[in-house]
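> Residue strings, one per chain:
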Amino acid sequence: QKEVEQDPGPLSVPEGAIVSLNCTYSNSAFQYFMWYRQYSRKGPELLMYTYSSGNKEDGRFTAQVDKSSKYISLFIRDSQPSDSATYLCATPGGSNYKLTFGKGTLLTVNP
Amino acid sequence: DGGITQSPKYLFRKEGQNVTLSCEQNLNHDAMYWYRQDPGQGLRLIYYSQIVNDFQKGDIAEGYSVSREKKESFPLTVTSAQKNPTAFYLCASSSARVQETQYFGPGTRLLVL
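Protein sequence lines, in the order shown, are assigned to chains R and E.
82 is the number that this note's numbering gives to position 91 of the first sequence; each next residue is one higher, with no gaps.
14 is the number that this note's numbering gives to position 13 of the second sequence; each next residue is one higher, with no gaps.
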């Protein structure tokens, strides 16, 4: 079983919609989770970083970790066309050096 | 301006040729990484280095080589042994204290002629 799995989509929504992006992970001992945003032909940029469980909010973005179901989510409120990108979840899992990435979900927000 | 730079942006390789991708960072990060990204495959770790003059293989190191002679620099050589080198190559770095948070460069797209 892979350490983290992500539905590749693609996902297409109208402007202003609430977007939910999701990943599952394999081991309930994992504690660190990240969301990266990658625009086309660019390097990924760190969007959100969460430790353990619960929610973390930053503007229109909320990262959520549900340890009981081993599920991580990224919510985008009032989505904008500029949010159109690939979103990657990641976790170091049990490693102290290596990140394991999901395959990424391609999101398109239509004006 | 602190960050990670990669060059060139595009690189063309002929059959049997070795090519070297450059990665430089001025973030004073100890750890540096090379990833390969293929469509639908996500990011896969090629090599990583946690300290100068030391590096380890990642998940897909065959056909690649690296060096870490300076803290700021971590070049990747794609050798002729790598039979399918066409991909988007990403360099990243992180502080040794928070190794989980990695920051990425803009990437190099390698194409085979």
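Hints in this document: simulated from the structure, not taken from any laboratory.
Just so you know, these numbers come straight off a predicted model, no measurement behind them.
Each residue gets a CB set at the ideal place from its N, CA and C atoms; glycine is no exception.
Please note: incorrect hints may appear among the correct ones.
Claimed, not checked - Quick list of in silico lysine-lysine cross-link-like pairs, BS3-like style, CA-CA up to 27 angstroms:
| id | chain 1 | residue 1 | chain 2 | residue 2 |
| --- | --- | --- | --- | --- |
| 1 | R | K33 | E | K58 |
| 2 | R | K33 | R | K47 |
| 3 | R | K(-7) | E | K71 |
| 4 | R | K47 | R | K61 |
| 5 | R | K58 | E | K84 |
| 6 | E | K15 | R | K89 |
| 7 | E | K71 | R | K89 |
| 8 | R | K(-7) | E | K72 |
| 9 | R | K(-7) | E | K10 |
| 10 | E | K71 | R | K94 |
| 11 | R | K89 | E | K72 |
| 12 | E | K72 | R | K47 |
| 13 | E | K72 | E | K58 |
| 14 | R | K94 | E | K58 |
| 15 | E | K15 | R | K(-7) |
| 16 | R | K61 | E | K71 |
| 17 | E | K15 | E | K72 |
| 18 | E | K72 | R | K58 |
What the hints assert, rightly or not - Chain R is nowhere near these chain E residues, computed Cβ spacing over 12 angstroms in every case:
| id | residue |
| --- | --- |
| 19 | F13 |
| 20 | L44 |
| 21 | Q51 |
| 22 | G64 |
| 23 | T78 |
> Hint by hint, which ones does this structure get wrong, listed from lowest number up?
As far as the earlier hints go, 3, 5, 6, 8, 9, 10, 12, 15, 16, 17, 18, 20, 21 are violated by this structure, in ascending order.
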